[in-house]
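2 protein chains.
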Amino acid sequence: MNELTLPYTQLKQFAIDIFLKINCSKSEATLAAEVLLNADLRGIDSHGLARLSGYVRLWEAKRINSTPNVQVIHETPSTAVVDGDGGLGLVVAPKAMQIAIEKAKNVGTGWVAVKNSNHFGIAGHHAMMALEHDMIGMAMTNASPLVAPTFSVERLLGTNPICVAIPAGEQPAFVADFATTTAANGKLEILQRKNQDAPEGWIQKKDGSISTNANELKDGGALVPLGSDREHGSHKGFCLGAWVDIFSAVLSGANYGPWVPPFVSFLAPPSDPVGDGIGHFFGAMRVDAFRTTKDFKHHMDNWITRFRAAKTIEGQDHLIIPGDPERESEKERRKNGIPLNDKVVEDLKELGKKFALSF
Amino acid sequence: MNELTLPYTQLKQFAIDIFLKINCSKSEATLAAEVLLNADLRGIDSHGLARLSGYVRLWEAKRINSTPNVQVIHETPSTAVVDGDGGLGLVVAPKAMQIAIEKAKNVGTGWVAVKNSNHFGIAGHHAMMALEHDMIGMAMTNASPLVAPTFSVERLLGTNPICVAIPAGEQPAFVADFATTTAANGKLEILQRKNQDAPEGWIQKKDGSISTNANELKDGGALVPLGSDREHGSHKGFCLGAWVDIFSAVLSGANYGPWVPPFVSFLAPPSDPVGDGIGHFFGAMRVDAFRTTKDFKHHMDNWITRFRAAKTIEGQDHLIIPGDPERESEKERRKNGIPLNDKVVEDLKELGKKFALSF
Numbered sequence: 016m017n018e019l020t021l022p023y024t025q026l027k028q029f030a031i032d033i034f035l036k037i038n039c040s041k042s043e044a045t046l047a048a049e050v051l052l053n054a055d056l057r058g059i060d061s062h063g064l065a066r067l068s069g070y071v072r073l074w075e076a077k078r079i080n081s082t083p084n085v086q087v088i089h090e091t092p093s094t095a096v097v098d099g100d101g102g103l104g105l106v107v108a109p110k111a112m113q114i115a116i117e118k119a120k121n122v123g124t125g126w127v128a129v130k131n132s133n134h135f136g137i138a139g140h141h142a143m144m145a146l147e148h149d150m151i152g153m154a155m156t157n158a159s160p161l162v163a164p165t166f167s168v169e170r171l172l173g174t175n176p177i178c179v180a181i182p183a184g185e186q187p188a189f190v191a192d193f194a195t196t197t198a199a200n201g202k203l204e205i206l207q208r209k210n211q212d213a214p215e216g217w218i219q220k221k222d223g224s225i226s227t228n229a230n231e232l233k234d235g236g237a238l239v240p241l242g243s244d245r246e247h248g249s250h251k252g253f254c255l256g257a258w259v260d261i262f263s264a265v266l267s268g269a270n271y272g273p274w275v276p277p278f279v280s281f282l283a284p285p286s287d288p289v290g291d292g293i294g295h296f297f298g299a300m301r302v303d304a305f306r307t308t309k310d311f312k313h314h315m316d317n318w319i320t321r322f323r324a325a326k327t328i329e330g331q332d333h334l335i336i337p338g339d340p341e342r343e344s345e346k347e348r349r350k351n352g353i354p355l356n357d358k359v360v361e362d363l364k365e366l367g368k369k370f371a372l373s374f
Numbered sequence: 016m017n018e019l020t021l022p023y024t025q026l027k028q029f030a031i032d033i034f035l036k037i038n039c040s041k042s043e044a045t046l047a048a049e050v051l052l053n054a055d056l057r058g059i060d061s062h063g064l065a066r067l068s069g070y071v072r073l074w075e076a077k078r079i080n081s082t083p084n085v086q087v088i089h090e091t092p093s094t095a096v097v098d099g100d101g102g103l104g105l106v107v108a109p110k111a112m113q114i115a116i117e118k119a120k121n122v123g124t125g126w127v128a129v130k131n132s133n134h135f136g137i138a139g140h141h142a143m144m145a146l147e148h149d150m151i152g153m154a155m156t157n158a159s160p161l162v163a164p165t166f167s168v169e170r171l172l173g174t175n176p177i178c179v180a181i182p183a184g185e186q187p188a189f190v191a192d193f194a195t196t197t198a199a200n201g202k203l204e205i206l207q208r209k210n211q212d213a214p215e216g217w218i219q220k221k222d223g224s225i226s227t228n229a230n231e232l233k234d235g236g237a238l239v240p241l242g243s244d245r246e247h248g249s250h251k252g253f254c255l256g257a258w259v260d261i262f263s264a265v266l267s268g269a270n271y272g273p274w275v276p277p278f279v280s281f282l283a284p285p286s287d288p289v290g291d292g293i294g295h296f297f298g299a300m301r302v303d304a305f306r307t308t309k310d311f312k313h314h315m316d317n318w319i320t321r322f323r324a325a326k327t328i329e330g331q332d333h334l335i336i337p338g339d340p341e342r343e344s345e346k347e348r349r350k351n352g353i354p355l356n357d358k359v360v361e362d363l364k365e366l367g368k369k370f371a372l373s374f
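Chains A and B, in that order, are what the protein sequence lines are. Just so you know, the working numbering puts 48 at position 33 of the first sequence, and the rest follows in order with no gaps. Just so you know, the working numbering puts 317 at position 302 of the second sequence, and the rest follows in order with no gaps.
So that you can see chain A by itself, here it is in the shape it has in the complex:
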């Protein structure tokens, strides 16, 4: 598999141009491109430019509204529900997170549930918006059903990621951003491209039995919750995925569980929706709503330093603190460019052709 490596600024401009072509405003095209490219920078390739053509196809199918009226439809001093008006999640999500941050400024914390949205890129981008305000940020979203809960043969949940971003002082922030499945779908896609098997415990066949076929989802199989099987705690992974689904969609009025509309335009959304679009949930907590920022950061630094210095198993230099790999990727890719695989390059070329933009 060949790769093409291109500079961040060039790729971001291309994404902005595409979003402008589908009628986003200039500010929203820029915002959407920033959120999207953040995934590529941080090494979550499956959620970045690889998805750009998917967003465009959903817009073509009139399932994404590129000029949404994003608004608060219900609120209290510490909460809000936002109607995303069918907009790009890449635009709706940072707007909703900003509302959570403003609420936290006023009353200590802010919590915003969102309905009528679409896929929002990486959760990490939105949660990390809190950091510069000395706040803890949280972001979660539901997604198209690909996951079978423990004992189920039906796909009822998405990979439903959670991000918790916690500021530190001298140390870089703690940023845990993870799908609530054993393996994210992006990892399966990598194996599919390489024509490799998946480890046991990532996926199941359509009858619920163990599979190592990375293409099993195409035959009615499913991803499994974090924990892999009941003996190894998959019911806990199911709890996590369900929690994300309920906070994102039952609180907001979005579609939940098997009713979440698919990201791909060639699959029709369920004909009996239980809500509007997909749902997200965001939180912001001011650190100084609990103790002085100085004390908090001092102890976060101490926490991170102590864990990083832990004695490790043979062959492993040091513990990985949540957020380390993504931060290192971002540093490297901002400097040296973003590698794109053949399939993505092909996709972007097609997009360029469609809109008379050079790629």
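In case anyone wonders, no lab produced these hints; they're calculated from the structure. Computed from a prediction, not measured in an experiment: that's the story for all the values here. Treat the hints with caution; some may be incorrect.
Repeated chains share a single entry, so a pair holds when one copy, or any two copies, can fit it.
[To be verified] In silico DSBU-like cross-links for lysine-lysine, where the CA-CA straight-line distance does not exceed 30 Å:
#1 K326 to K202
#2 K326 to K350
#3 K120 to K77
#4 K364 to K209
#5 K27 to K364
#6 K346 to K326
#7 K346 to K220
#8 K326 to K233
#9 K110 to K309
#10 K202 to K364
#11 K221 to K326
#12 K220 to K326
We have chain A already, so just place chain B on it with the hints.
Frame of chain A, contents of chain B only:
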């Protein structure tokens, strides 16, 4: 192994009498006994009467204050930090959760971090306090270090449980209450008593290699985070355990990570504490801070009904909704009594003898 089954009311009265003997006030002795026995009722035997003698020994070692002045030391409209004054977690935790609930009544949500506390029984008890107010409840706590993060051979985290309790309408509440490890320590204790091996993926040896010895922790081994190993997402389980630790202790000013004092009185607390006692974190969110309670409950009922009706693997009747097994246990044990194993009966008899109480 023999078992003795005794009525709930009799066992609760015994626990009240013991807490009175260590100088708890009448109301706090009753509260502590209720929280403790709730674990036995709900089938979490490791966190109920099996721990009563442990609490007493910590009191004897002057590591639990039976007449604490539990107070708010910092607050905003939606947050508070509570100093538990070294009290029983069984008493401090429900008081802190009550503060979260009052804040939620005022501004939509309430979030309370607690320092200077002790083990609080089952997280489920505290989170479920929110349900009767039509609120979502959350509870988490850190605990003595028994868990090695991914790649670590050191024990740096406790089994750090999380509970999320979500009200429904006709359906019983959704209550996810789980340790952030592959297996809770209580499950290992059951295997130890039966002299059985543990499945691969629950524990590691002191050099970090795989073990199936249920007694491995006595030889310097460790429990592992949910996910078991890196290939199966143990770094995500580490994220969860770390999240609980930071919210419970870095936000509140309690001890975190390897500094969390041990529950057992024969092990001394670390000589270089980084905070006060152990920490908890509680949340309460008014459902109607997001949408009408009626709409929310209608959709929670639909969520639960749809998931419970999912097609299952062969040999399994239906999906288990989080909270189902504990609720069934409670129903059965309230009616037929609580079974106690030999070791616990022995323990309680000794306690009775010590305080001239009949058991």
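Consistency of the hints with the structure:
1. Taking identical chains as interchangeable, the C-alpha atoms of K326 and K202 lie at most 30 Å apart whether they share a chain (29 Å) or sit on different chains (27 Å).
2. Taking identical chains as interchangeable, the C-alpha atoms of K326 and K350 are never at most 30 Å apart, the minima being 32 Å within one chain and 50 Å between chains.
3. For the homomeric pair K120 and K77, neither the shortest alpha-carbon distance inside one copy (37 Å) nor that between copies (41 Å) is at most 30 Å.
4. In the homo-oligomer, the alpha carbons of K364 and K209 lie at most 30 Å apart inside one protomer (22 Å), although the nearest pairing across protomers, at 64 Å, exceeds that limit.
5. Within a single copy, K27 and K364 get their C-alpha atoms as close as 15 Å, which meets the 30 Å cut-off; across copies the closest is 71 Å, which misses it.
6. Taking the closest pair of Cα atoms, K346 and K326 come within 30 Å of each other only inside a single copy of the chain (27 Å); across copies the shortest separation is 46 Å, beyond that limit.
7. In this assembly of identical chains, K346 and K220 lie within 30 Å of each other by CA distance neither inside one copy nor across copies; the values are 39 Å within and 36 Å between.
8. Proximity of K326 to K233 under the C-alpha cut-off of 30 Å is restricted to the inter-copy arrangement: shortest distance 19 Å between copies versus 42 Å within a copy.
9. With identical chains, the CA atoms of K110 and K309 are at most 30 Å apart both within one copy (29 Å) and between copies (28 Å).
10. Taking identical chains as interchangeable, the C-alpha atoms of K202 and K364 lie at most 30 Å apart only when both belong to the same chain, with a minimum of 24 Å there against 55 Å between chains.
11. Proximity of K221 to K326 under the C-alpha cut-off of 30 Å is restricted to the inter-copy arrangement: shortest distance 11 Å between copies versus 42 Å within a copy.
12. Taking the closest pair of Cα atoms, K220 and K326 come within 30 Å of each other only across two copies (14 Å); inside a single copy the shortest separation is 39 Å, beyond that limit.
When the structure is compared with the earlier hints, violations turn up for hints 2, 3 and 7 and for no others.
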